[in-house]
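S.K.: Residue numbers (the working numbering), protein chains in the order written: chain A, 1 to 118; chain B, 1 to 144.
Please note that the accuracy of each hint is not assured.
Quick list of the computed label-pair ranges, beta carbon to beta carbon [said to hold, decoys possible]: (1) B:Glu66 <-> A:Ser114: 26 to 32 Å; (2) A:Ser114 <-> B:Pro127: 48 to 54 Å; (3) A:Ala73 <-> B:Asp122: 22 to 28 Å; (4) A:Arg29 <-> B:Ala2: 34 to 40 Å; (5) A:Ala107 <-> B:Ser9: 42 to 48 Å; (6) B:Ile83 <-> A:Asp53: 28 to 34 Å; (7) A:Gly41 <-> B:Asn103: 40 to 46 Å; (8) B:Val4 <-> A:Glu2: 22 to 28 Å; (9) A:Ala6 <-> B:Glu33: 29 to 35 Å.
Examples of chain B residues toward chain A, derived with CB under 8 Å [what the hints assert, rightly or not]: (10) Pro12; (11) Val51; (12) Leu53; (13) Pro62; (14) Asp69; (15) Ala72; (16) Ala98; (17) Glu104; (18) Val111; (19) Leu115; (20) Gly118.
Because the hints were derived from the structure by calculation, they are not lab data.
All residues carry an ideal CB built from backbone N, CA and C; glycine is no exception.
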Amino acid sequence: MELSLATRAVGKHTVLEVGGEVDVYTAPRLRERLLELVDGGARHVVVDLGRVDFLDSTGLGVLVGALKRLRAAGGSFALVCGKEPLLKIFRITALDQVFPLHPTVDAAIGADPSGAGA
Amino acid sequence: MATVRLSFSPAPVHVRTARLVGVAVARRAGVREDLLDEVRLAIGEACTRAVALHRQYNVPDPVLVEMSDSGAYAVRVVDRAPIEASIGLAALDADQLANESLNEDDLTTGVGFALLAGFVEDLQVRPVDEGVGTEVRMVWPVQR
């Protein structure tokens, strides 16, 4: 399935809903969109992976890049991921210790101290 | 014994095709249904690695994927890049992954190896027998 990207604002947070396959071919589009968001002033970004059915190392690299950029800018970055196959990918790569991972968008926003009061 | 060979120009757009073919042949060979996600991911990572190396070294030759089901499901992904083949890369730990100085390409390479090593029990990375290049060989059990 093709990559789909949809953005919505929830209070101070920008939620990017990602769907389909994030791989070496589609990951550049995800990188571009995240860069646009940060360049456009978004500082508290939640990426919802709920509709992602494939995620590879290239996609993970893009997500880590966004996390680092936002932290350097004093912002926050969190992922929403409730599916076991995807969670296993985060565990195997130790990225579950790098990303704040939440089961729902509400949980991600609620757990973000820097963006509280949304 | 059945063998399926696929060779593709080293372009990211074709990696998905290789994944789809690899999983279709795995299913046909009798790989357990609950392993197919791992097969898909591992073949994708091996092909992504090969495409990245061909692009990095300007190698226009195709990447070869060979799937066979003689006894087990074995997949070889062969690149033609002039590098020292090794899987001796240590997996990156959380501190290294979060380190600001680690660039995205190196991070992706490290994460890709972690996924291959984590998802494929029977994994070998070695130089090809003839000429330059690396072969990533992955084997999964099949049910008969």
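S.K.: Please name the hints from earlier in the document that this structure breaks, with their numbers sorted from lowest to highest.
M.R.: The structure conflicts with hints 1, 3, 7, 12, 13, 14 and 15, although it agrees with all the remaining ones.
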